[in-house]
Amino acid sequence: MKVKFIVALFMTIFVLGGCNMNNDNESKSSSANEAKEFPEVTAFQDEFTREFLESTEPTREGYYPFLSKTGAYKMDFPEGMKINDKSYSIDPDKNSEVVIFSSQNSNGPFIDHHVEYYSFINDPQHGRDQIEGRVGVEINFEEVSTNYDQKLEIAEYEYENSSGIVSLITKDGVEGQIQTFSSLRCSNDMEGNVCKGQIEDEKAEIKNWLKSIQLISKESE
Amino acid sequence: MSEDIISGSEFKTRLIDLGYKDLSSEELKFNIRQIYMEENGELLKADIKILKSSDIESDFVKDSGYDGIAVHIDTVEKEEVYVISEGTQDLPDWLYNIKAMLAGQTIKQAQATDVFVQEAKKHFNVDDNVEVNGMSHSLAHNNNTIALLSFNTFDNVYSVNGAQLNYYQLFNTDFRFNDAVKNEFSFNNDDEVYNLSPQDLHDFAMTYYKDKADRIDQVISTDDPLYAVSVVRGFFTLGSITMVDTNPDVPGLRELIADIPDNVIKEFQELAIDFAVASNEGGTNEGVKELIGIDVGAFKDKEGMELAGHIIANYDTMVRALNEKLPPLLDRVQTVTANSNEIFGSLEEAGYITERQKEVTIDHLTRIEKSLIDIENILKDNVNLRDKLNNPFLGAGNEIVTILRLASNLVEIYMSYMEIEKTGILKRLESIKDSHGLQEMLSSMSDGLKSYIGADMIYTSTSTKGEPIKVNISAALRMYQKSIPILEAKSTKISNFEKAIKDELDESYKDEKRKVQDEINQMESSPSSYRFLLSKHGYYPTFNKEIKSIRIHEIFYPLENNDFEEHLEELKKSVESGKLYIEKYRNAIEDLFEEEENVSQLFDLSRRI
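Going down the list, the protein sequences come from chains A and B.
At position 34 of the first sequence (counting the first as 1) the number is 34 in this note's numbering, and the numbers step up by one without a gap.
To convert a position in the second sequence, counted from 1, into this note's numbering, add 1000.
Incorrect hints may appear among the rest.
No farther apart than 30 Å at their CA atoms in a straight line, the calculated lysine-lysine pairs in the DSS-like style are these [what the hints assert, rightly or not]:
no.	chain 1	residue 1	chain 2	residue 2
1	B	Lys-1325	A	Lys-69
2	B	Lys-1078	B	Lys-1049
3	B	Lys-1021	A	Lys-74
4	B	Lys-1493	B	Lys-1325
5	A	Lys-196	A	Lys-94
6	A	Lys-171	B	Lys-1325
7	A	Lys-151	B	Lys-1212
8	B	Lys-1078	A	Lys-94
9	B	Lys-1121	A	Lys-94
Ranges between beta-carbon positions, derived for each pair [stated by the list, open to error]:
no.	chain 1	residue 1	chain 2	residue 2	range
10	A	Asn-140	B	Asp-1249	22 to 32 Å
11	A	Glu-138	B	Gly-1008	53 to 63 Å
12	A	Gln-125	B	Ser-1054	20 to 30 Å
13	B	Ile-1048	A	Ala-204	49 to 59 Å
14	B	Asn-1129	A	Asn-140	43 to 53 Å
15	A	Gln-125	B	Gly-1008	29 to 39 Å
16	B	Glu-1026	A	Glu-200	29 to 39 Å
These are computed hints drawn from the structure, not numbers from a lab.
Note that CB positions come from ideal geometry on N, CA and C, so glycine has one too.
Go ahead and model the full structure; you've got the sequences and the hints to work with.
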């Protein structure tokens, strides 16, 4: 089996070389038509992002209900953001899912969110260590109360030109955990102080938003 | 720092090879000691502990797909952990390869590697001062190095024929790198990274991770297909690299792939992402469906009429899907057929395929192209008609003709594929796969009189005249080692047999004899109690007789046919001659080599493991 596949892989490299994706325009124009029925916000205008949104009714101002494709968690999705389909990943057995979404042509700080779910990492200590490893600087997690029966731990870090908020979400009796990474940066060509002045507000908003991420226990599905 | 307990490429490669062998913890310990003894000519004086990924929480391996073994070696002077991560073994792994490497996506396996290493450190009760070495082959190299760079999981990584790091993957994983890339190239959102020049990003990644490169050691075969693929955009080869030509008959594929222009590769990469996204959600069939629009899973086992039947049943959906997906696929096939002389010509020149295989393949690829064009034309007409009438079933006569033309084209394609397969070209290309394996790599590692076949160590004797003699030392030692327990088991069986003869024959004869004697004594000492024996002479009215005395004249014949001495002697001799043979065999091998080559010592040591 594997031999055939390797050979097939090579054959495909040759076969697929020089492909042209000429059906792209078609699908985009059709989605533009459909988009008219949806709210006039970035999240709904983007076809890929729309696949995750459960309703056109906002959960609260500026957010729409998001359900992950693993079915492992829900959250409020910011209306001005778009999921990057190139970096989205989910494994076939639904044991991991990585969603990366970003603010578009922002006047304030540019924000990237990574929300990553792993069903096979249970120990919160592993989660905290991995997050700290990936951020590369020492961070301190603080537990924050949430609306749900789960544990949310948040930490902040600063780089020279950007800041970040990371979090770990775990729940007793539910396998797996969510690790989130949010980075905020001001563009070089923007009035530095205007943007920097907004960073703290944005951080508060992100910390509040993190509370909306809810791990779903298998039984309650 | 003193030298690593496990040193040398050969030892490390053989250790990685052990990871694939599905051994129990005890067998692993034994094999590690054996290899250590073979490689170093001395016993490993250390305590070894093993933790396999399958030993921790029940769902970990199933959910993460991670398969690995942690080995803790403690020599009192030095303590080290070696983690052997398994590489690409089967189809799911190769799919993961495509996703993780070409699309620069999921780092799930690197996360799992990190979790396993942390669990192993806890299990072995070692702190962060103990050196942790990652050992990897194939895909595991990608996982281990991402874990090293992002989580600091390992102190060092050693790999053979590894899947290289992908800078898009690291951009999404290592946030310091992410930040540095954004600063360097002045952009703000993650998705803009795909617009950067691959060469610039490659060079930046190499510089950025330069400081950690000395912790990564790689041995790569120039013939490894994975090495060939890593020429495409996304990859960077980090660490100190030793290139080995493991298959001198062919030049390797890398140059063939390097000739494909970057924009073509970029399109291929987009396609790989499409494939990955689709197969992420629905498995391989879904991925293929994304490419050609047809659910091949549903009819890959069908032929002839059954195939036609399936086409009829799913006609409408298939026609529409094919119509949408066929044009881009046809373009790709046409790119191949247009360049088939170059592609298959260079494969032939390089010795991968024969001239006949080249010709048949080109011929049938052209036919496949023709059939695809034909299908495309049929569909174009048909779908237009369908849209106009808004009816999935057109006029029956018209429809049947279309179905027949479609089916005959699909059958043609299938037949052409069979013809290509019949030339054996696919089999022929299998040799490419061997160059990815550990054994071909080991075979090309040799050091003086030492070389390898499979994972066994070979000594080449030059002390005799004529052709050099190759001796499989690993196998010889195994035989020497294992013969003793076997001969000892035989000895035990023989003495059990001896004992059984004594118990079952001699002892029980004595027993029976004693029982009879007891009965005799009983009768002689109390004759009166045997009055009932007279009963047959009548009871009433004449019953007044008594027994006064009983005298028994006994004769016991000796036990015969119980002499097994001769047979036992024979059996015992066979054990002795077995031992003699093994020693002779050992001496014969020792005689092939000079004393300073220490073969004799290896034999001695092998029995002390």
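Each hint, compared with the structure:
no., hint, verdict
1, B:Lys-1325 x A:Lys-69, "25 Å, holds"
2, B:Lys-1078 x B:Lys-1049, "14 Å, holds"
3, B:Lys-1021 x A:Lys-74, "42 Å, violated"
4, B:Lys-1493 x B:Lys-1325, "72 Å, violated"
5, A:Lys-196 x A:Lys-94, "39 Å, violated"
6, A:Lys-171 x B:Lys-1325, "44 Å, violated"
7, A:Lys-151 x B:Lys-1212, "35 Å, violated"
8, B:Lys-1078 x A:Lys-94, "42 Å, violated"
9, B:Lys-1121 x A:Lys-94, "28 Å, holds"
10, A:Asn-140 x B:Asp-1249: 22 to 32 Å, "59 Å, violated"
11, A:Glu-138 x B:Gly-1008: 53 to 63 Å, "38 Å, violated"
12, A:Gln-125 x B:Ser-1054: 20 to 30 Å, "22 Å, holds"
13, B:Ile-1048 x A:Ala-204: 49 to 59 Å, "53 Å, holds"
14, B:Asn-1129 x A:Asn-140: 43 to 53 Å, "24 Å, violated"
15, A:Gln-125 x B:Gly-1008: 29 to 39 Å, "36 Å, holds"
16, B:Glu-1026 x A:Glu-200: 29 to 39 Å, "60 Å, violated"
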